[in-house]
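Each chain, letter by letter, is given below.
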Amino acid sequence: MSKSKGNSKEGYLEISRKSNIIFNIILTILAIMCIYPLILVFMVSITDEKMISLYGYKLIPKKFSLYAYEYIIKDIGVVLRAYGTTALVTLVGSLISIVIITMYAYPLSRKSFKYRNTFSFIVYFTMLFNGGLVPWYMVYARFLHLKNSYWALIIPALLSPMYVLIMRTFFSTSIPDSLIEAAKIDGAGEFYTFCRIVIPLAKPAIATISLFNILSYWNDWYLPLLFITDEKKYTLQYLLYRVEKSIQYLSTSSQSAGNVSGALANIPSQSSRMAMAIIAIGPIIFAYPFFQKYFVQGLTIGAVKG
Amino acid sequence: MAKSFNKSLANEQQIKKQSSIKNFCIEFKKNKVLFFMLIPGLIVLLINNYLPMPGVLLAFKDYNYKDGFFKSAWCGFENFKYLFMSGKAWTITRNTIMYNVIFIIISITIPVALAIILNELRNRKLAKFYQSVFFLPYFLSWVVVSYLVFALLSSDMGVVNAALSKLGLKTHNWYAEPKYWYFIIPFVNTWKWTGYDIVVYLASICGFDKSYYEAAAVDGATKFQQITKITIPLLKPIIIILTLLKVGKIFYSDFGLFYIVPKNSGAINSATDVIDTYVYRGLRESADVGMSAAAGFYQAIVGFIVVCTANYITKKIDKENALF
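Line by line, the protein sequences are chains W and D. Just so we're aligned, residue 0 is where the first sequence starts under numbering that gives the first Met the number 0, counting upward by one. Just so we're aligned, residue 0 is where the second sequence starts under numbering that gives the first Met the number 0, counting upward by one.
Simulated from the structure, these hints should not be mistaken for lab results. There's no promise every hint is true.
To be verified - Taking lysine-lysine and the BS3-like style, the derived pairs with C-alpha atoms no more than 30 Å apart in a straight line are:
| hint | chain 1 | residue 1 | chain 2 | residue 2 |
| --- | --- | --- | --- | --- |
| 1 | W | K146 | W | K232 |
| 2 | W | K62 | D | K169 |
| 3 | W | K113 | D | K318 |
| 4 | D | K29 | W | K183 |
| 5 | W | K49 | D | K29 |
| 6 | D | K209 | W | K110 |
| 7 | W | K292 | D | K245 |
| 8 | D | K315 | D | K248 |
| 9 | D | K262 | W | K113 |
| 10 | W | K244 | D | K315 |
| 11 | W | K202 | D | K228 |
| 12 | D | K209 | D | K124 |
| 13 | D | K29 | D | K127 |
| 14 | W | K73 | D | K318 |
| 15 | D | K209 | D | K178 |
| 16 | W | K62 | W | K49 |
| 17 | D | K222 | W | K202 |
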């Protein structure tokens, strides 16, 4: 992304100082718009519950309080289990996924493989036509009986056609045929060549696709929404969704009862819901600098195809 | 001479056809390992994509859970009749296409402009910093985004209403007034995706040949001319390809944006209901499987036509980037 100005200084004109300032102002405003909601949610999570109900959500807390976090920690088992489930699904899912994707993409990239177009088409076609949500749901829920199974959170995202295409393009453009031929002449078996020669060369593409996979497994709430009813198997994002649902439910039912009962008044629902959001965002923010770097590199590899 | 050649060619083709199974067996023996490598992927494709395909026939059945897929009675076009008569089909089609068109227009203007500006900034470190900040929303799930949006739009606690009342303006119950969601949805979508698009465009700008700019500078081109006459024309192919990819998916939408972010609020359904949310509700909330399958069938068929057309156009412009 960084472009060395030094090399091309003569040819590459710089923008005027005035427009540079104007652009910086615009970009600063946009950058604030991007992170303002995140900071707001964090600030609300460390605000005293009473202050929130008096003044609403405020960027600068009138009174600090960590009660929301204490309240969540009291019942930390639920959150930890959700973290565990998410971590397990992410780890297992993205590992299996990258193995399947590379193994499927490699034969498609081999020019000597006669049926590569047929098998490519089997992948392409899924991008053009699909049975839709209802039949797909029926296959998982009624045919394979995977409701409330971890596999229902893993299998659906294992093979994204786009990643197969990116991987195949990467293989065929950056791994010369002569290399594979040479290995063959040296007596290396097909699978040995794949594991020892092709995979190490494809590391950048593998890293990028794995990162995309990790992110999509980590952020998934859609599959639990469809398939998981057992509270013990909630993923982190889905737990966050359920928390919001139950707060909505509690507040509407308490309104209809006419008064807020004593027990309910003690639940720091405003600050703790935001604290939950922060807990769910946390790992992503910490991993972000690392992730961002590789994503940018990866998108540069995949350029258009990505 | 030519005739006999043609004849032998035809003959050869016939032999080829007859022995295609034999050919396959030979090829299989030769590349056994490659075939075995395909198997795990084929199994996943079978489960995720090919097994559900015949299920589109559900749209023509009066489905009930007790009888299941095979035993439920056929009902012809009843499901479709109901879907199109109720006017629901029109609302969800309009919303789906309208939002996608808005998203496409935004995605070929704002991120392109920002990528060019970021590329021109004098301070590279600052440019990198902006890019990182813009990219952050891409990493958040729609559930998290719905919390962020709620912090802004909550009717009694939200920041937006607080600001409005401070300015002496009328506050709104955002989650109950559909007309504002025509703006909120595109805004949230832009917020989430602009950073990603910027990275893609910036990656492409960085790959441009610097000598174009040098030559232009020698000829006395201004900075503005360099941008409009070099950068933008060079960006055109990638913009067109990305747009066509999006056009191909014009009948599909991001479920989270339309279901989670508006908190599944019934009052604003008219503005936030798209085909995907309608199908989901039919399946999971109202258990109207037949209708839901009919809407899904409609989406699959029209979507298929659209994506083939988009791909055809892509092929005309740039063979490299066509899907097939």
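Taking the hints in turn, this is what the structure says about them:
no., hint, verdict
1, K146/W - K232/W, "11 Å, holds"
2, K62/W - K169/D, "28 Å, holds"
3, K113/W - K318/D, "22 Å, holds"
4, K29/D - K183/W, "13 Å, holds"
5, K49/W - K29/D, "74 Å, violated"
6, K209/D - K110/W, "35 Å, violated"
7, K292/W - K245/D, "26 Å, holds"
8, K315/D - K248/D, "19 Å, holds"
9, K262/D - K113/W, "51 Å, violated"
10, K244/W - K315/D, "49 Å, violated"
11, K202/W - K228/D, "38 Å, violated"
12, K209/D - K124/D, "21 Å, holds"
13, K29/D - K127/D, "51 Å, violated"
14, K73/W - K318/D, "60 Å, violated"
15, K209/D - K178/D, "48 Å, violated"
16, K62/W - K49/W, "9 Å, holds"
17, K222/D - K202/W, "39 Å, violated"
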